[in-house]
Amino acid sequence: MQLGPADSMILAMGLAYGGLAQILAGVMEYRKGNTFGTVAFTSYGLFWWSFVLLNLLPKQYFFFGIYSPSDGAMAAYFFMWGIFTFAMFFGALKINRALQFVFISLAILFFLLAAKSALLAYTTLTPADLELFTRITGVEGVICGLSAVYLAIAEVLNEIYEKTVLPI
-17 MQLGPADSMI LAMGLAYGGL AQILAGVMEY RKGNTFGTVA FTSYGLFWWS FVLLNLLPKQ
43 YFFFGIYSPS DGAMAAYFFM WGIFTFAMFF GALKINRALQ FVFISLAILF FLLAAKSALL
103 AYTTLTPADL ELFTRITGVE GVICGLSAVY LAIAEVLNEI YEKTVLPI
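For what it's worth, my numbering labels the leading residue of the sequence shown as -17, then goes sequentially.
No lab work stands behind these hints: they were computed from the structure. The structure displayed is predicted, hence computed values, not measured ones. Among the hints, erroneous ones may be present.
[To be verified] Label-pair ranges, simulated between beta-carbon atoms:
{"hint": "1", "residue 1": "2", "residue 2": "138", "range": "18 to 24 Å"}
{"hint": "2", "residue 1": "-8", "residue 2": "141", "range": "27 to 33 Å"}
{"hint": "3", "residue 1": "73", "residue 2": "6", "range": "19 to 25 Å"}
{"hint": "4", "residue 1": "73", "residue 2": "10", "range": "16 to 22 Å"}
{"hint": "5", "residue 1": "149", "residue 2": "55", "range": "36 to 42 Å"}
{"hint": "6", "residue 1": "145", "residue 2": "52", "range": "50 to 56 Å"}
{"hint": "7", "residue 1": "10", "residue 2": "150", "range": "17 to 23 Å"}
{"hint": "8", "residue 1": "118", "residue 2": "36", "range": "37 to 43 Å"}
{"hint": "9", "residue 1": "38", "residue 2": "16", "range": "30 to 36 Å"}
{"hint": "10", "residue 1": "120", "residue 2": "15", "range": "33 to 39 Å"}
{"hint": "11", "residue 1": "140", "residue 2": "32", "range": "28 to 34 Å"}
{"hint": "12", "residue 1": "73", "residue 2": "113", "range": "32 to 38 Å"}
Glycine residues also receive a C-beta, built at the ideal position from the N, C-alpha and C atoms.
Starting from the given sequences, assemble the full structure and let the hints guide the process.
Here is the structure:
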């Protein structure tokens, strides 16, 4: 799987911020007794580590015989994460609207990524044929990411000021 010209940035962010930071946040949530936060943060932190390994291991010389995952395998991988995320959305229904939006938009993103991988695997379409689909998926990813950033900032500011500065 070729990510594009920003491979190293995506992989580095996946290891550090997407991976390690979320795993640490999951441990912090565990210590607070927050099961939802523990499962969400550690799961998505480990998602990022697995995604990095799926893309990095085949490029390493010391792991002979490990090939890049096929488009069909990536379709299954993203679909599984879409199912998990959709299930987590139901847990978010008891928390707040911003978190609900993050989870439903992330589930949609995973399903779009799965659909693109499946189209590449099981049809004669090429990446060039799917350019519009890829752009739509990218926009959905940006929307999801911005909503997660908003939620994080809102939670920090609301806690610091002990009042609702940004609604969630």
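Tested hints:
1. 2 / 138: 18 to 24 Å: holds, 19 Å
2. -8 / 141: 27 to 33 Å: About 30 Å separates the Cβ atoms of residue -8 and residue 141, which means 27 to 33 Å holds.
3. 73 / 6: 19 to 25 Å: At 21 Å between Cβs, range holds.
4. 73 / 10: 16 to 22 Å: holds, 18 Å
5. 149 / 55: 36 to 42 Å: holds, 41 Å
6. 145 / 52: 50 to 56 Å: holds, 51 Å
7. 10 / 150: 17 to 23 Å: holds, 19 Å
8. 118 / 36: 37 to 43 Å: violated, 23 Å
9. 38 / 16: 30 to 36 Å: At roughly 31 Å between Cβ atoms, residue 16 and residue 38 fall inside 30 to 36 Å, so the hint holds.
10. 120 / 15: 33 to 39 Å: With Cβ atoms ~37 Å apart, the hint holds.
11. 140 / 32: 28 to 34 Å: holds, 32 Å
12. 73 / 113: 32 to 38 Å: For residue 73 and residue 113 the Cβ distance comes to about 36 Å; the hint holds.
The structure does not agree with numbered hint 8 stated previously, though it agrees with all others.
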